[in-house]
Structures are given as structure tokens and as C-alpha cells.
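All chains should be built: construct the whole structure from the sequences, respecting the hints.
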Amino acid sequence: MRTQSRIIFTGLVLGLLVMVIPAWGATSIQVQYPYDIDNFPYDWISAPTTMAARGPEDIDWNGDGLYTSTTSTRFKYIRLGGTDGYCKMADGTDQYVFGFINLTGMPEDTILAEGLNHANIPAPTIVMNEGDEVYLNLSNLGMLLRPDLFDPHTVHFHGFPNASTVFDGEPMASFGIRPHSTVTYYYHPVDPGTYMYHCHQEATEHMEMGMLGNLAVRPAQNGTSIEYPAGSGKSYNQFAYNDVDGRTGYDVEAMIKYSDMDPIFHRRDEIFQPPRFAEFEARYFLLNGRGYPDTIVPTEITNSTNGYAAQKMNSIITVNSPAQRTLLIRLINLSVQHFASVEAPGLTMKVAAKCARLLRGPNPLDGTGPGAGNDTSYYVTSALVGPGETIDLIIDTDGVALGTYYLFSRNLDQLNNDLMDRGGAMTEIVIN
Amino acid sequence: MIMLKNILRIPLLIISLAVIPLSQADARILGLSGSSPAPAFNFTASAAHISTPDGGSLLFWGFGDASTAVPQYPGPTLIVNEGDTVTINLTNYLTEPVSMTFPGLAISSHEAPHFPMGDRTQLKSVTPEAAPNGGTQTYTFVADKAGTFYYQSGSNQPIQLRMGLFGAIIVRPIQNGTSKTITDIDYRFLRGLYTLATGTTGTGITKTFTQFAYNDGDGSTGYDREYLFITSDMDPAFHQWMEFGGTYDISKWKANYWFINGRCGPDTMDMPNVGNLPNQPYNAMPSMHPGEVLLVRYVAMGRDLHPFHTHGNHVRIVATDGNLLSTSAANPSVTGADLSWLAFTLTQFPGKTFDGTFTWTGSELNWDAYGHKPGDPLEPYEYLADHGKQFSPNLPPINDAGGLPVAQGVAPAQAAPVLMPSIETTIGGLFWSGSPYLGSSAPIVPGEGGFNPSNGFFFMWHSHAERELTNNDIFPGGMLTMLGVLPWSATIVE
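Chains as they are written, first to last, in the numbering used here: chain B, 1 to 432; chain Y, 1001 to 1494.
Fair warning: there could be bad hints in the mix.
[As the list claims (entries may be wrong)] Some, not all, of what chain B presents toward chain Y, calculated at C-beta under 8 Å: (1) S164; (2) D168; (3) Q337; (4) C355; (5) G373; (6) E389.
[What the hints assert, rightly or not] Some chain Y residues judged to face chain B by a derived CB distance under 7 Å, without partners named: (7) S1340; (8) A1343; (9) P1417; (10) P1421; (11) I1427.
I should point out that these hints are in silico values taken from the structure, not numbers from a laboratory. Cβ atoms here follow ideal geometry from the backbone N, Cα and C, with glycine treated the same way.
Next comes the structure, spelled out in C-alpha cells:
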């Protein structure tokens, strides 16, 4: 019954949109790309449509958790759309959401058809290299079900040091972008680490509604072979930070974002009711936008309401030993309310970094740079990460029995999908 | 912002914002100092009401200065010197016993047992109580170490601390007044200072301080300006129950107001000591010039955990609970705050204090944050490598009109990495100058902006548990304020 009324309602709104879209076509959505990508000027008209020709963006295009960063150019461009949509919870219910979709390289005349009402949960993962110059275009596509909102959107790169206001995406100190318009953000990431991004416009509502994404900056040290620990015979060539001695080296990388949803809050937004912040009560607890067991479903998850695969990202972590040994988990919390205390029984976790900074104190006695200072990393059984915090966990699987382990929130009320038990914020670490 | 659902709220927001001064809010740490080495304070404990920006009024219990007998939320901040013997004479006008404790500092009048064996109805404070309805009690503690501390009632704490019987204590170190020069190595200030306008780049830049949070020995807790952030929370239903009775299940306590220094946003950005907030004299709106070092003192007096996020830059946490983060507490002059860490979000948890240093210079944006042309004079602490940077030496970025740049605002092509969107496509905020550059302005949508006359960069400092950005269901508000990074040409009034 509920689904039926939803479809009828969606049809009504779509009917209205058909009348409106031609007018949008005349509106220019200004997109900026740097001149020297692939040595030819880029604009949206000539943007190629195939992956191979699209250029060197570092973005998780299909949600498989892989992103290429083999580019030789430091110029990157990304185009995100901000819109609404649906996603499916592990108990089978659909939730109305706001979110971002990756529009990079998409021809302009297909953007609304491809993007509108197709928010991704979570937002596309963005990974950049230290020293990149990143042009991020945000196009506000509007909300299919809530044209009455005409909300602006922003992208806030959370935790970027020495930020300017114009590219910080915090609308009190800058601005949001209106529907059917585009803003270009420019970033020059020089501090590697694990970050997050989200819409900061009416932040409480837009974040709870799903405009949340993973963000990481890879260090310049990558590509250097460093033996760690010294004399162990084990070398790494990819690292979480410029640690000098290789202590954040890893073989396998995972990004896990904890968030949660209050279905009543989402339902109220869907049926044109004002949000109720005071009564907020999360009932779904998600890793990368899914509750267990959907977290270990390798494929995309398609919702029933608009038939779109909004949840492209799984949270399966696989370590193929002995070639792979050390696991880096970039843990991000973007809940609007809850702390998560994450544990993985059977595995020992080291907190190597917090808030995108290597846990190492300054050393006033010498001036030798990042390699100096006290090692302030520590080992934990359970790692607490609060809303707006990131931590980098390193798990050494050397000598660990092969098999399947669980990574989950030890907060016991975060282990269900509404009324469905044995779910929530949990995923598997498989050591083969 | 302009949603149907918010239209009714706009008058409220306007009313609450109308009294905010033009951005250079006074937010230095206000409080009571007395005279060293034996400052004495006369306190009252009594009841009054606080105001919230949504028009709410909640009963609270607060400590106050007996000279005015006005209870405050939070109580008066005590600012004393290391080594002082501090005396507080408390008169309790509440209807139940009240006491004062000073966690982290040595009390000289301890009462035991505080939990008589076998009598669970007799849980009392570890310090002597002031009797209800006018009873008095005297408390003495020795401020034997520098740092950020707090006082709170030791009696019936589940009720009295929810009701607001707490306040901050700042103990200034004996090192103050000496001069220490700190070298900005190893990202101490996270790309804040290590490139100064002197033309030197890289590590090795020095800065000299004469005021410090701790006896660090090396200047690692030195600062130019200091600000206090006392965080707390309230469930309005609890306070209504305390005032009017009825039924209330305290196990269902759920915060719907969140405070910094006793005010909900946006009242946090109002001036201190304003007449419309008689019981909430302290504001919380930090201001600084680029390259200045702020000392941020956090005191967590709420029931819940609050992840506090600082836009703009990381905070270097140099101390917790009044203890320098040093490997050698016995000899800090050797090590300084060498166990400190950097946080973009710092969780405030009940009864905890943190001290952190913060700065901002906008280094390595890869564009000139001031919009300088090559050859323009440098601003203090400006990042030299970006000075007058020609961002796109060939052409400005193209646009959909076929490659021709569209002039929007005043973006000078020599520095902006991208073209600004036309103002019709944006909705700007109260603190938006219209310009990407510090110290410049540009046209904005009529009716927007207006709270940033010196064209500073403003960064939101707020709880990242985003539900806490509301005032009892109304967004925006709650645990929120703005840091103003103002150009050196602007005067910061303190």
C-alpha cells in the first residue's frame, strides 16, 4: 500500500517535471575543468563518455571500492550531482534519501535523466593524491519528490587544514548552490589522511538524509619501498601517511563509514512534513550505507521504489595471505548522533592516526621533520570513533588463523536493522 | 534555507540575530580574579531562568557572585594564579543542600565518609554542604598547578549538575611573564606558521610568547589570545518537571538544547553581558588575525559526549584535565607538550577538560588568499609561495559559453583558481563577504550577508553530532559558533 501510493505520487511529480524540463535545458549549468587535462581543453559538450577516455579522475566509479590513482597528472576533475532518491535497508524497506551522484564525464544532456532521484548511498568515494589540484563541480539537480524544497547544496571537505571559506562549503560563511546550477570547488590536498565529505547546507537534515561520503588523500611517500619493521624483511610501497619509517604501510586498504538512519525522519521528508530533530531516533545502523548482511553482498543493491542501484559500495574486507598481510581500515563516523565503538574479535588493531594526522608528537629537541617525535599510536580492542572523527586502524594478520572475522560496532543497540536482529553496523574481514 | 518549513522560523532567527554585533564580538575569557596569593570569592547558589533562541525559558540552578546575587549559567569563571590559596564563601538559597568540589585540584576540607555504610539514602558530597535556604559554607583549595579546571556541586549531582551548578577555573602558570621562543617544527601549528612573511620557508620559524597555558618550559603552550568553551546540554522536559512538577522519567532524559558557555547558538555570537540574557553573561565567539595563536580551553560539563569540530584547521591538544601532555611531568622544561596530538574533531566527554592551540594562515591553498597581484605588499604571516600566484597563466578556466570567461563578482583572474558562480545561482550566508579573498568584498544577493564588515574568513566551530545544531527542534542553533579570522587591518575588540 505504501509502495503503491509512493509510485502514484512519484508519477504525479514526474508529470509535472516533464513540463518543466525544457525550460531547464536553456539554463546553462556552468562546469569548470582545468585546461591541461590530457592536453586538451575540456568542456561538458566534448566530455567523452567512456571510462577509458574520461581522464584520470580518482573516483570510485562503480562502487567496488577500487579507485585508480595511477595518473601521471596532478589535475583531477570530478562532477557530483546533488539530488534525492531511495535506498534499501537490509530488512527490505526503502528509505527516501538525499545524496550525491557521480556525474563525471557524463554528457550534459543526459545529466538530469541519469542523475535526478538517483542519489548514491554513500556518496561516491573520493581519493586524491597529495599535491593534486582538484576541480570538483557540484551540480544541484533538484529533488524529484520535493520540488517544494528548492534546497541549495554544498560540498564540505571535512577536516581539510588551513581551509578557505569559499571552498569550505559551509553556507553561513560562504554559499550554497541553488537547483539547476553548478559551483566549482578547488582543492589542493597537501596533508594525506582519512577525511570525509558531506553537504553542509541545513546540515542536520541533509546529513541525516544521506549526503555523506568517504574521502582520503594518499601520501607522496607512496611508491617508495620501505622495510617495516626495519630488518623484518617485510616491505611496503603504499602508506597511509608520510611516516618516513614505513609504520603505516599496508597491503590491503578498506574505507568504512559508520552512519545511521531514523526511518521516521526520512518518511517525514518524503511526505512533505517538516523534519523532527527533537524526536530523532536512529533505527538503522550502517557501514557504507548498508546494514549487515547487506554489507557483505558484493553487488549493488537496487531499491524497489525507483529501481535504481543507489548502494554501490559493499564493506567486504579480504586479505589474501601470505602475499597480503597488513590491513589498513580508514574508519569514518558521519552519524548525526551516535558514537561507534568498533571491534574485531580475534584481530589486534593499532590506532595509527586520528583526524587525518599520524599519531606522533612534535619533538622540540630536534628539527628533523615528520620522522621525529614520540610515537603516540596505541593498540586497542575496541576503537571509539565519534561523529565527525576519523581514525586509521592497522591490523597485522601475520600469524592469525585463516578464516572469517567480524568487524562490528560494540554498541549493542547498533546491531539491528530496525526490528530485524543480527544486523546493523557489522561486516566481515576474510583472511584467506 | 528558504524552505517552506522554515519560513515561520525566519522571524525567530532574525530576532535572535538582530542583537549580534558586527562580527568583532567580545569573547575574551571573562570571570572573577580576586587578589593573589589568597583570592576570596563570595558565591551564591540560587535559581533563575535561562533564555534560549527559540523563545524558550528554562529553570536552572546556578552559582553567582554574591555582590550581584545573580545566578549564572555557567557559574562565574574563576581566574587565579598558580600557588594561590583560593577561598569561596558560599551562601545557598536553594531548597536542598549544595556543596562545591574542585576536581583535579586539592581540597583542604574533606568530609568522610561520604557514603555511610548501609545507608544508601545518605550519599553526600566529599566536601561540607551548605544547608538549604540561606545556609553558608566555606571552601578552600590550593591552585597548585596551572591549567583548565572546573568546580561543580558535589551534592545530588544527577539533579544539580543537570540544573547547572558548575563553572570553570583557570589557573595561570608562574611561567607567565617570561618570554619563550618556540620553533615551529614538525607541523606544530599544522602549516600555520611555518612560512612567514619574512620570506623564510619550511621549518624552523620561531614565535615568541609571554603568556602560556602551562609551565611548559619551551613555549609550546604559548598563545596570543585565549577562549573558553564550556559545553553543556539540557532536556527541556527535565527542567519543566523541576519547575512545574508532574511526571518525568529521568531515564528517558534526552537533550534538545546544547550550549557553549551557557548559550545556545546563535546567542553564542551575541555580545557578553547583554541585558536580554541576564543569567547567561558569557558568549563564545573567537576572533583572531592570521598567524596568531589561540589557546582554546574546553570544559565539558554536559551529560552527553559532544564531538566538537573546528572548521579552518586542526587544534593541537596540548593538555588534558590540567595536565600537560608531556613525557616528563617531573621535568617539563625538557620536553614540553611532546605527547600532544592534532584533532579536527575533539570529543568532549563529561567532566573532561582539554587545552589546545590553534592558528590559521591559509598556507598552501595554491592560490593567494588575499587576492594579491605579484609585487603587492605581504600581509603578516602570509604564505610566501602563494603570494600573487598566477593561477592560470594562460587563461582563466573555461565555461559552458564556449571558453570565454564570464566576469562574476570581482574575481581577479590572477589569483582565483575558478570562476565564482553568478550570485543568482547561490544563496549566501550571514558571514559571506561575496569574495573568496580575505579582506575583500564582492556583490552578494541583496538581503544576504551583513555580519562580516571587515571581510574576514569565518569558520564554524560546532558539535558534529549534527542533531545538536538545533534548539528544541529548530535549526540552526545549539552547540555552534563561528571563528572569525579577520584581516590585520581590522581591530579585534576584546
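For each hint, the structure was consulted:
{"no.": "1", "hint": "S164", "result": "holds, 6 Å"}
{"no.": "2", "hint": "D168", "result": "holds, 6 Å"}
{"no.": "3", "hint": "Q337", "result": "holds, 5 Å"}
{"no.": "4", "hint": "C355", "result": "holds, 5 Å"}
{"no.": "5", "hint": "G373", "result": "holds, 6 Å"}
{"no.": "6", "hint": "E389", "result": "holds, 5 Å"}
{"no.": "7", "hint": "S1340", "result": "holds, 6 Å"}
{"no.": "8", "hint": "A1343", "result": "holds, 5 Å"}
{"no.": "9", "hint": "P1417", "result": "holds, 4 Å"}
{"no.": "10", "hint": "P1421", "result": "holds, 5 Å"}
{"no.": "11", "hint": "I1427", "result": "holds, 5 Å"}
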